[in-house]
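Chains as they are written, first to last, in our numbering: chain A, 1 to 342; chain B, 1 to 68.
Hints are computed from structural coordinates only; laboratory data are not their basis. Incorrect hints may appear among the rest.
[Said to hold, decoys possible] Chain B is nowhere near these chain A residues, computed Cβ spacing over 10 Å in every case:
id : residue
1  : Glu4
2  : Pro98
3  : Asp172
4  : Leu194
5  : Asn315
[To be verified] Label pairs and their computed distance ranges (CB to CB):
id : chain 1 : residue 1 : chain 2 : residue 2 : range
6  : A       : Ala24     : B       : Gly44     : 37 to 45 Å
7  : A       : Leu59     : B       : Ala33     : 46 to 54 Å
8  : A       : Ala219    : B       : Thr54     : 45 to 53 Å
9  : B       : Ser8      : A       : Ser270    : 20 to 28 Å
10 : B       : Ile26     : A       : Leu94     : 44 to 52 Å
Using N, Cα and C, we set each Cβ at its ideal position, and we do this for glycine too.
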Amino acid sequence: MAAEKAEMDALKKECDGLRAQIEAARKAVNDGSMSAAASGVASVGRVQLKLRKTLKGHLAKIYAMHWSADSRQMVSASQDGKLLIWDCFTGNKLVAVPLKSAWVMSVAFAPSGNLVASGGLDNICTVYNIKAASPKTLRELDAHTGYLSCCRFLSDTEILTASGDTTCCLWDLETGKQKVIFTNHIGDCMSLALSPDMNTFISGACDSLAKLWDLREGACKQTFSGHTSDINAISFFQSGNAIITGSDDCQCKMYDLRSDQEVICYQDASLNAGVTSLALSSSGRLIFAGYDDFNCHIWDSLKGEKVGVLSGHDNRVSCTGVPDDGMGVCTGSWDSFLKLWN
Amino acid sequence: MTSNSNLSNMRQLVEQLKLEASVERIKVSQAAAELQQYCLQNAGKDALLVGVPTGSNPFREPRSCAIV
């Protein structure tokens, strides 16, 4: 008993020491702020985008949306129990996928365009083949012990999931089995994003931390703190060297992976609503962040200033996405509509 | 039992912190400069920054022109 307590105390001391070491190392490289460095960069001015289309079809709150890699099709998920696949050029609905469980929280399009996946309070990630004559369930990935908050395809044979059971998981779609389980968060995982080079991914959780993971080894490589509440949204900056997070604490933050710390915070005294979702414009200069205040606010990622707003929804903006070609931004809301802006 | 799992959790935490402590860090000023450079280099092709020409806007309804 005494020996165990002694070891426990020694380990605690070692942890404290390591934490202090990490903070000191971060401080040592903190030789200037992002916003100060951006003082010489020209302002983007007021960003005023126009509403181009309102996509009507869902009968209840929209919880998630994801663009296809072709930058034309898009899939949306609503608690009316359906996934809808849209042609965003015409506004037409192409496919409707009825869900076994209406409590959907996440949806994803495979890069090939052949598959979509969704999941939610059923704890299951279901993968559908949408190229068949009528949508066919390909796999039901059932091993998480908590809700499915986010899913992203790597390809038609691998998918990454984030769950309220505090883990993320890489699945093999050919066998339907878990390949790698990522454990380290101590709160529900809410969001994940794949790195542009597909070797790593990032996750945001209710423990207010963002973590960077090695996809193949399963190890957590870096942990980013600073938020004071759940991280609901997370995205890579296109260069792969920085990440953006959005939180219930009403702030977005950019963390640089190579300096291992927060480099800029996007906050405004007048914004008292949590961030639900975020997406970057193709150069990374603009951050589109969806908030509980029914708006999507636009931030200058380099200067940390609010430069515009997308207003028009009658309820919380729950999801935001920019297609790969960067031609527009889509917002989805609890008001049951999706809007396309550019 | 409980004390054993607490101990092994603690050992894992130490290993994890060691891993995170060993990361090589670059200066924030260098990181900021590179992020800026990326944005500025790609700004010209960012449709949400520079705008989409009316005729080739994929999300816009094609309209016939009227002289007002």
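For this session: Say whether it holds or is violated: Asp172/A keeps its Cβ farther than 10 Å from all Cβ of chain B.
Result: 26 Å, holds
Exercise. Can we confirm that no CB of chain B comes within 10 Å of the CB of Pro98/A?
Worked result: The claim stands: Pro98/A keeps its Cβ more than 10 Å from every Cβ of chain B (closest is about 28 Å).
For this session: Evaluate the given range 46 to 54 Å for the C-beta pair formed by Leu59/A and Ala33/B.
Result: 49 Å, holds
Exercise. Between Ile26/B and Leu94/A, does the C-beta distance stay in 44 to 52 Å?
Worked result: Given a distance of about 46 Å, which is inside 44 to 52 Å, the answer is holds.
Exercise. Does the Cβ-Cβ separation between Ala219/A and Thr54/B fall within 45 to 53 Å?
Worked result: At 50 Å between Cβs, range holds.
Problem set entry | Check on Asn315/A being off the interface with chain B, judged by Cβ distance over 10 Å | Check passes; 22 Å lies beyond 10 Å.
For this session: Kindly confirm whether 20 to 28 Å is satisfied by the beta carbon distance between Ser8/B and Ser270/A.
Result: 48 Å, violated
Exercise. Quick one: are Ala24/A and Gly44/B within 37 to 45 Å, going by C-beta?
Worked result: Cβ of Ala24/A to Cβ of Gly44/B: about 41 Å, so the range 37 to 45 Å holds.
Exercise. Beyond 10 Å from chain B, beta-carbon-wise, is Leu194/A?
Worked result: Leu194/A clear of chain B: closest Cβ-Cβ about 18 Å, beyond 10 Å.
Exercise. Beyond 10 Å from chain B, beta-carbon-wise, is Glu4/A?
Worked result: 5 Å, violated
Violated hints for the displayed structure, listed by number in ascending order: 1, 9.
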